[in-house]
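> Mapping the sequence shown onto this note's numbering, position 61 (from 1) lands on 61, and the numbers just tick up by one.
Treat the hints as calculated values from the structure; they're not laboratory data. Even for Gly, the Cβ is constructed at its ideal location relative to N, Cα and C. Incorrect hints may appear among the rest.
In silico BS3-like pairs for lysine-lysine, Cα to Cα no more than 25 Å straight-line [to be verified]: (1) K58 <-> K21; (2) K49 <-> K39; (3) K47 <-> K19; (4) K3 <-> K19; (5) K47 <-> K26.
Simulated restraints on C-beta separations [as the list claims (entries may be wrong)]: (6) E36 <-> K3: 31 to 39 Å; (7) F17 <-> L44: 17 to 25 Å; (8) N48 <-> Q20: 18 to 26 Å; (9) E67 <-> E12: 37 to 45 Å.
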Amino acid sequence: MSKLDFSLVSKETSDSFHKQKNLIKKVLAGKSVACEVCKQPLFLVPKNKEGQAYIQCKKACTHIELEVEN
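Please construct the entire structure, taking both the sequences and the accompanying hints into account.
Dropping the structure here:
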């Protein structure tokens, strides 16, 4: 039986995670970050009644939910 190589998938997953983490840091620091799809600025939507906060653009083509502690 051949051995499966997941190194490419692991690298892509890691790169995606770090890219999104850096994007979140920039938005939370107040820096201007554009959506990759529509090129409109991303903004933070503070915690709502359901306890959810997220980062998105006006068209919501980028939508990143954030975990918020009380």
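> Against this structure, judge whether each hint is valid.
Results of checking the hints against the structure:
| no. | hint | result |
| --- | --- | --- |
| 1 | K58 <-> K21 | 20 Å, holds |
| 2 | K49 <-> K39 | 29 Å, violated |
| 3 | K47 <-> K19 | 23 Å, holds |
| 4 | K3 <-> K19 | 30 Å, violated |
| 5 | K47 <-> K26 | 18 Å, holds |
| 6 | E36 <-> K3: 31 to 39 Å | 35 Å, holds |
| 7 | F17 <-> L44: 17 to 25 Å | 20 Å, holds |
| 8 | N48 <-> Q20: 18 to 26 Å | 21 Å, holds |
| 9 | E67 <-> E12: 37 to 45 Å | 23 Å, violated |
Against the hints set out earlier in the document, violations occur for numbers 2, 4, 9.
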